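In order, the protein sequence lines correspond to chains A and B. No gaps in the numbering here: position 76 of the first sequence is 76 in the numbering used here, and each next residue is one more. No gaps in the numbering here: position 12 of the second sequence is 12 in the numbering used here, and each next residue is one more.
Rather than coming from a laboratory, the hints here were simulated on the basis of the structure. Any given hint could turn out to be false.
To be verified - Taking lysine-lysine pairs in the DSBU-like style, the calculated list, with each CA pair at most 30 angstroms apart, reads:
#  : chain 1 : residue 1 : chain 2 : residue 2
1  : B       : Lys38     : A       : Lys57
2  : B       : Lys3      : A       : Lys57
3  : B       : Lys38     : B       : Lys3
4  : B       : Lys111    : A       : Lys78
5  : A       : Lys57     : A       : Lys42
6  : B       : Lys16     : A       : Lys57
7  : B       : Lys70     : A       : Lys42
8  : B       : Lys38     : B       : Lys111
9  : B       : Lys3      : B       : Lys111
10 : B       : Lys16     : A       : Lys42
11 : A       : Lys78     : A       : Lys57
12 : B       : Lys111    : A       : Lys83
13 : A       : Lys78     : B       : Lys38
14 : B       : Lys38     : A       : Lys42
15 : B       : Lys3      : A       : Lys83
16 : B       : Lys70     : B       : Lys111
17 : A       : Lys78     : A       : Lys42
18 : A       : Lys57     : A       : Lys83
19 : A       : Lys42     : B       : Lys3
20 : A       : Lys78     : B       : Lys3
21 : B       : Lys70     : A       : Lys83
22 : A       : Lys42     : B       : Lys111
23 : A       : Lys57     : B       : Lys70
24 : A       : Lys83     : A       : Lys42
Said to hold, decoys possible - Reference listing, derived: stretches of chain B covered by chain A, where coverage requires no fewer than 3 residues with Cβ under 8 angstroms from a Cβ of chain A:
#  : segment
25 : 57 to 69
26 : 106 to 118
Every value quoted in this text rests on a predicted model; they were computed, and no experiment measured them. A virtual CB, placed ideally from N, CA and C, is assigned to each residue, including glycine.
Below, each chain spelled out in residue letters.
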Amino acid sequence: EPEVTQTPSHQVTQMGQEVILRCVPISNHLYFYWYRQILGQKVEFLVSFYNNEISEKSEIFDDQFSVERPDGSNFTLKIRSTKLEDSAMYFCASSEGLEEQFFGPGTRLTVL
Amino acid sequence: AQKVTQAQTEISVVEKEDVTLDCVYETRDTTYYLFWYKQPPSGELVFLIRRNSFDEQNEISGRYSWNFQKSTSSFNFTITASQVVDSAVYFCALSEAQEMTGANSKLTFGKGITLSVRP
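Can you build the whole structure from these sequences, using the hints too?
Shown next, in the form of structure tokens:
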């Protein structure tokens, strides 16, 4: 069964460093999303991406964040200068359209 | 603005008990979708069900059943004869259809309910 994959599973970085989280969505899906979940809290929407551009973003998704689909398979989230409060689980999701969003296993980001 | 409220934070039951997880939502849209996701201790988000706003039929899938009532803006989830493997955090979520892209908009999640099933 096709699934969304994410790498790495765990990333540890120093405050101020740049990180890139990678996702491979399900191959025939056209809509891509990033969410984050701070430990013990609810899942929060960051950004959605369609047709090579951002279709919606939350107020969390400030200038420090960017997304890219560099090729036909990867979908990346970049955090330019990480802060302690960026420590969270980051989930990538994809969907065909009005169907459900399928989530990847997540990348746990720890900022020291 | 859309909002999902899961008033219960933690529920603990003994195996084989039935348990109902409550979800109340707010939206101004007439077309929207409701979801339940399960997050086991391993951390991934597992899709359980999706309902659209025009389909109020209750659904049953094995030990799981869902009760969607537009009149009370609720989408409750019942696990019958609970098992230890049901122990997880359960999230209710809402999305509104985006006419521009033809897709669901962002998922808005509730805070989640931690269910513990004791043997």
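The hints, checked one at a time:
Taking the CA atoms of Lys38(B) and Lys57(A), the gap is near 24 angstroms; set against the 30 angstroms cutoff, the hint holds. Straight-line distance between C-alpha atoms of Lys3(B) and Lys57(A) comes to about 17 angstroms, which keeps the hinted pair within the 30 angstroms bound. As the CA atoms of Lys38(B) and Lys3(B) are separated by approximately 19 angstroms, the hinted pair is consistent with the 30 angstroms bound. Pair hint Lys111(B) plus Lys78(A) holds up; C-alpha atoms about 26 angstroms apart against a cutoff of 30 angstroms.
The straight-line distance between the Cα atoms of Lys57(A) and Lys42(A) is roughly 17 angstroms, inside the 30 angstroms bound, and the hint therefore holds. Annotation: proposed proximity of Lys16(B) to Lys57(A) is violated, straight-line Cα distance about 43 angstroms (limit 30 angstroms). Restraint check for Lys70(B) and Lys42(A): the C-alpha separation of about 24 angstroms stays at or below 30 angstroms, so the hint holds. Restraint check for Lys38(B) and Lys111(B): the C-alpha separation of about 12 angstroms stays at or below 30 angstroms, so the hint holds.
Proximity of Lys3(B) to Lys111(B) is assessed by CA-CA distance (about 11 angstroms); at most 30 angstroms being required, the pair is judged to hold. Between Lys16(B) and Lys42(A) the alpha-carbon distance is near 28 angstroms, which keeps this suggested pair within the 30 angstroms criterion. The straight-line distance between the Cα atoms of Lys78(A) and Lys57(A) is roughly 14 angstroms, inside the 30 angstroms bound, and the hint therefore holds. Between Lys111(B) and Lys83(A), the direct Cα distance comes to roughly 24 angstroms. Compliance with the 30 angstroms bound is thereby established for this hinted pair.
Restraint check: the Cα-Cα separation between Lys78(A) and Lys38(B) comes to about 27 angstroms, which is no more than 30 angstroms; the hinted pair holds. Pair hint Lys38(B) plus Lys42(A) holds up; C-alpha atoms about 12 angstroms apart against a cutoff of 30 angstroms. Taking the CA atoms of Lys3(B) and Lys83(A), the gap is near 28 angstroms; set against the 30 angstroms cutoff, the hint holds. Of the pairs offered as hints, the one joining Lys70(B) and Lys111(B) holds, with about 21 angstroms between alpha carbons and a cut-off of 30 angstroms not exceeded.
At roughly 22 angstroms between alpha-carbon atoms, Lys78(A) and Lys42(A) fall within 30 angstroms of each other, so this suggested pair holds. Among the hinted pairs, Lys57(A) with Lys83(A) is consistent with the structure: their alpha-carbon atoms are about 19 angstroms apart, no more than 30 angstroms. Between Lys42(A) and Lys3(B) the alpha-carbon distance is near 12 angstroms, which keeps this suggested pair within the 30 angstroms criterion. Our distance criterion of 30 angstroms between C-alpha atoms is met by Lys78(A) and Lys3(B), whose separation comes to about 28 angstroms.
Straight-line distance between C-alpha atoms of Lys70(B) and Lys83(A) comes to about 42 angstroms, which puts the hinted pair past the 30 angstroms bound. With a C-alpha separation of about 5 angstroms, the suggested pairing of Lys42(A) with Lys111(B) holds against the 30 angstroms cut-off. Taking the CA atoms of Lys57(A) and Lys70(B), the gap is about 28 angstroms. The hint holds against a cut of 30 angstroms. Distance hint between Lys83(A) and Lys42(A) is fulfilled; the C-alpha atoms sit about 20 angstroms from each other, no more than 30 angstroms.
Counting residues of the segment 57 to 69 of chain B whose CB lies closer than 8 angstroms to any CB of chain A gives 0, which falls below the minimum of 3, so the coverage claim is violated. Coverage of the segment 106 to 118 of chain B by chain A holds [criterion: at least 3 residues with CB-CB distance below 8 angstroms; count 7].
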